[in-house]
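**Q** What follows is the residue order along each chain.
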Amino acid sequence: MPFKTSQAPNQAMLVTVEGQLIVANRHELKQIVQDAMEQGVKRFVIDFTPTAYIDSSGLGALVSMSKRVRQAGGDLRLAGLNEDLGSLFELTKLDTLFAIFETPAEALAGF
Amino acid sequence: MLSPNRIPPSDTDAGERYRVELPTDLSRVGEVVDSVCSCCFSETSPTARTRFRLSTVLAEAVANAMLYGNDSDPARRVIIEVSLESDRLVIAVSDEGDGFDHRVVPQPLDEESIEATRGRGLFVIHHLSDTVAFNERGNTIWMTLPRH
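Note that the protein sequences, when read in sequence, are chains A and B.
Using this note's numbering, you'd call the opening residue of the first sequence number 723 and step up by one each time.
Using this note's numbering, you'd call the opening residue of the second sequence number 177 and step up by one each time.
Don't read these hints as lab results, they were simulated from the structure.
Be a bit skeptical, because a hint or two may be false.
Unchecked claim - Calculated Cβ distances over 10 angstroms to all of chain B for the following chain A residues: (1) GLN729; (2) ALA730; (3) GLN733; (4) ALA734; (5) VAL737; (6) MET759; (7) GLN761; (8) GLY762.
Claimed, not checked - Derived pair list, reagent style EDC-like, types lysine to aspartate or glutamate, alpha-carbon separation capped at 16 angstroms: (9) A:LYS815 <-> B:GLU287; (10) A:LYS815 <-> A:GLU805; (11) A:LYS789 <-> B:GLU288; (12) A:LYS815 <-> B:ASP286; (13) A:LYS789 <-> A:ASP817.
Here the structure is a predicted model, which means the values were calculated and not measured.
All residues carry an ideal CB built from backbone N, CA and C; glycine is no exception.
Given the sequences, and given the hints that come with them, work out the whole structure.
**A** Take a look at the structure:
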């Protein structure tokens, strides 16, 4: 499983991306978030601490999920980006679209 | 298992060359990226940055070849060729489609494009590769990256 989920306080869910977030598995992540929203989860932290790389389909999936969560009155945050992944978000200016935290604990604490 | 095969050397070859081909199947993108990276770095110790750059641009190029070049047709194949030169890697990704106008690179940084869910792939390839080139038809992309 490339994604691990765990429940957190305040109707929040932590999703950890292992390996990569790419065209091959982006729908799986979107489905996890969609299913959780239908169960009442409103706040999400996507943790990239163990992630090697993300392609543009993965970035697009994050944008799509973030929009959907916001439209439902929720919040989707990113955490654990290493220097390379962080530079990818800066390159694409997606660092201006997402709330990005150093660690998942910091992201969850802000809810 | 997708393992690149060594291409017999010719007189003009500057380094070792490998080739792998696979059907249009998005579920195999991660596998072929891992396989090509292992081939490229079997005799070197690349920096984390180099590994990240190769993984990312290769995933982008293979996905583009499958989705747009081959129009998601599982009967069409994607071919990856790698040249291991002394200081650099040359990666070629080809599809069996009609090609596209590679002179038009989407600009995903425009204000109205920031929240777009697609259109960043070529932009990322151009920024993470040292050089990018296409054949005239537009169905082969060459990318060069450092080997270390």
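**Q** None of the hints should be skipped; say for each whether it holds.
**A** Going through the hints against the structure:
1. GLN729: Correct as stated: the minimum Cβ-Cβ distance to chain B is 27 angstroms, above 10 angstroms.
2. ALA730: 26 angstroms, holds
3. GLN733: Holds, because the least Cβ-Cβ distance between GLN733 of chain A and chain B comes to about 25 angstroms, which exceeds 10 angstroms.
4. ALA734: Per Cβ check, ALA734 of chain A is outside 10 angstroms of chain B; nearest 23 angstroms; holds.
5. VAL737: 18 angstroms, holds
6. MET759: Consistent with the label, MET759 of chain A stays out of reach of chain B, its closest Cβ about 18 angstroms off (over 10 angstroms).
7. GLN761: Since the minimum Cβ distance to chain B is about 24 angstroms, GLN761 of chain A lies beyond 10 angstroms and the statement holds.
8. GLY762: Holds, because the least Cβ-Cβ distance between GLY762 of chain A and chain B comes to about 25 angstroms, which exceeds 10 angstroms.
9. A:LYS815 <-> B:GLU287: 10 angstroms, holds
10. A:LYS815 <-> A:GLU805: 15 angstroms, holds
11. A:LYS789 <-> B:GLU288: Answer holds: LYS789 of chain A to GLU288 of chain B is near 15 angstroms, not above 16 angstroms.
12. A:LYS815 <-> B:ASP286: 10 angstroms, holds
13. A:LYS789 <-> A:ASP817: Holds, at roughly 15 angstroms.
Going through the hint list in order, the structure satisfies each hint without exception.
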